[in-house]
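One letter stands for each residue in the lines below.
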Amino acid sequence: MNGWTLTATVALGAGVGATVWGVATGPLRRRVVAQNLSSALACPGLLLLAQGYGRPAYIDLALVLALLGPVGTLVFARLLADDLAEDPPHAWGVTFAVAGYGAVVVLVLCAVTGPGRAMVKLLVIGALLIGGNLVASRALSGGFARSRRG
Amino acid sequence: MTRRARLIVLALGGAGLAALLIAACFDLPRFGGPWHPYGDRAVHASLARRTANTIASVNFDQRAFDTVGEMSILFASVLGTVVLLRQTRDEKRALPQPEEVALPVRRYALVVLPVAFVAGLYVIAHGQLSPGGGFQGGVVAATALHLLYLGADYRALERIRPVGLYEICDALAACAYVVTGLAGVLAGTAFLANTLLPYGTFNTLSSGGIVPVLNAAIGMEVACAVVVLLARFLDQAVEIEEESGKP
Amino acid sequence: MDDPLIVVVLLLVAATATAAVAVRDPVRQALVLSVLGVALALLFTVAQAPDVGLSQLAVGSALTPLLVMLSVRKVRRRQGDGKGRAP
Numbered sequence: 001m002n003g004w005t006l007t008a009t010v011a012l013g014a015g016v017g018a019t020v021w022g023v024a025t026g027p028l029r030r031r032v033v034a035q036n037l038s039s040a041l042a043c044p045g046l047l048l049l050a051q052g053y054g055r056p057a058y059i060d061l062a063l064v065l066a067l068l069g070p071v072g073t074l075v076f077a078r079l080l081a082d083d084l085a086e087d088p089p090h091a092w093g094v095t096f097a098v099a100g101y102g103a104v105v106v107l108v109l110c111a112v113t114g115p116g117r118a119m120v121k122l123l124v125i126g127a128l129l130i131g132g133n134l135v136a137s138r139a140l141s142g143g144f145a146r147s148r149r150g
Numbered sequence: 001m002t003r004r005a006r007l008i009v010l011a012l013g014g015a016g017l018a019a020l021l022i023a024a025c026f027d028l029p030r031f032g033g034p035w036h037p038y039g040d041r042a043v044h045a046s047l048a049r050r051t052a053n054t055i056a057s058v059n060f061d062q063r064a065f066d067t068v069g070e071m072s073i074l075f076a077s078v079l080g081t082v083v084l085l086r087q088t089r090d091e092k093r094a095l096p097q098p099e100e101v102a103l104p105v106r107r108y109a110l111v112v113l114p115v116a117f118v119a120g121l122y123v124i125a126h127g128q129l130s131p132g133g134g135f136q137g138g139v140v141a142a143t144a145l146h147l148l149y150l151g152a153d154y155r156a157l158e159r160i161r162p163v164g165l166y167e168i169c170d171a172l173a174a175c176a177y178v179v180t181g182l183a184g185v186l187a188g189t190a191f192l193a194n195t196l197l198p199y200g201t202f203n204t205l206s207s208g209g210i211v212p213v214l215n216a217a218i219g220m221e222v223a224c225a226v227v228v229l230l231a232r233f234l235d236q237a238v239e240i241e242e243e244s245g246k247p
Numbered sequence: 001m002d003d004p005l006i007v008v009v010l011l012l013v014a015a016t017a018t019a020a021v022a023v024r025d026p027v028r029q030a031l032v033l034s035v036l037g038v039a040l041a042l043l044f045t046v047a048q049a050p051d052v053g054l055s056q057l058a059v060g061s062a063l064t065p066l067l068v069m070l071s072v073r074k075v076r077r078r079q080g081d082g083k084g085r086a087p
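Residue numbers (this note's numbering), protein chains in the order written: chain A, 1 to 150; chain B, 1 to 247; chain C, 1 to 87.
Hints listed in this document are in silico derivations from the structure and should not be mistaken for laboratory results. Be a bit skeptical, because a hint or two may be false.
As the list claims (entries may be wrong) - Beyond 12 Å from chain C on every Cβ pair, some chain B residues (computed):
hint, residue
1, L20
2, T54
3, F75
4, A193
5, P198
Claimed, not checked - No more than 16 Å apart at the CA atoms, straight line, and that leaves these computed lysine to aspartate or glutamate pairs for EDC-like:
hint, chain 1, residue 1, chain 2, residue 2
6, B, K92, B, E241
7, C, K74, B, D235
8, C, K74, B, E241
As the list claims (entries may be wrong) - Chain C stretches covered by chain B per the calculated footprint, using a threshold of three residues with CB under 8 Å from any CB of chain B:
hint, region
9, 14–20
10, 42–55
11, 67–74
Glycine included, C-beta positions come from ideal geometry on N, C-alpha and C.
The following block holds chain A by itself, in its conformation from the complex (with noise of 0.2 Å):
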């Protein structure tokens, strides 16, 4: 066990620990958000996990995970726009917070690695996870118009 995988472990049980209470109670407009908070947190974990266990092909998984994890939040947004619009989520604070620690982490990362293609990867994965993550909080928060059973 090494200081990355040490890090992981940390921030996977506390960050991803907490998102599991919170999608298991609450309302609806704190499940929606943990939902999408947990594959904001597992994705800097992964990549925690591909750098201290030496094996950079494990990037791929968050790379799917940033694709991937806020097109599943948008599912919920669109197909929930009704219930959301009557009680739509505020937790911005949240969301920006885990945001900044996907930033750290991908900076870090970047730091370790040096230049080269592995950097532009990690960018790229940052970006997309980042980006991701807000716009699919912007979705949560009424970026659909009342659904007309479109």
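Fit chains B and C to the given chain A structure using the hints.
For chains B and C alone, coordinates are given in the frame of chain A:
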């Protein structure tokens, strides 16, 4: 049988199963131990065939016949869905209303769609080198197309998605897998045995002999199957309505 | 060895899976199911099975929620129609 008798039979069966499972657990090799008889042989065989990802070598070379079974399970289940979710006589199609989507969400969907699609193709193409392969990449590519439904509306998706074409491609890809296997029979060895293709240089895109070919076939099959599956679900959820007003 | 990491992720999976069973409403179940997909992908990764983890991520993060939510929408529409038509 009374409720009580049934409960007793259930308890007896459950206790027996639990006892057998516990007995089996005591005889398992230790977690994370060094003894991997099958793993060592599989790694050795995949290195001999110059495939960097052992899992891909097992799926598409050493155990390629098992993948035929998995592929036909997916094919048959999608076929079943198509039959079950068809439009029946007492249902009509209603044109879906366009959706108002916030501008950042719409832009995000249009930017990420090509990126996710290319990422799906990347995962398929690098199946023999890094984690991934036809199934994973196919699902990613097919999901990417549906960003058009999430970020715009259903009619935009329908314009780029002629379902009939995807159904044909699904069948063609499944055939391609079997035909590649039959090539081995024609060459005088066995079904799905690689006799014709060179193994190439280790850790390059063209390495692995038969693996990239079968990977591509599975990727196309899975992508088309997922598109057809979601098309049926979307038709039912968005377009098809029960005929109202008539008895 | 990475035993603490495996234990943490196993606990995550156990907690999420229990929650997925305990939650009764299909919409909320779909939300828990999507988090369960992420937790399972983490478990497969720490067990050094990235291929399986990638399959889980591909299927569990967007495809399964979409299928479940489309089914829910269809059922709700049908119930809505029934209410609308009832005299």
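Tested hints:
no. : hint            : in the structure
1   : L20             : 23 Å, holds
2   : T54             : 9 Å, violated
3   : F75             : 17 Å, holds
4   : A193            : 23 Å, holds
5   : P198            : 25 Å, holds
6   : B:K92 to B:E241 : 5 Å, holds
7   : C:K74 to B:D235 : 10 Å, holds
8   : C:K74 to B:E241 : 9 Å, holds
9   : 14–20           : violated (count 0)
10  : 42–55           : holds (count 5)
11  : 67–74           : holds (count 5)
Violation of the numbered hints given earlier is confined to hints 2 and 9; the remaining hints are satisfied by the structure.
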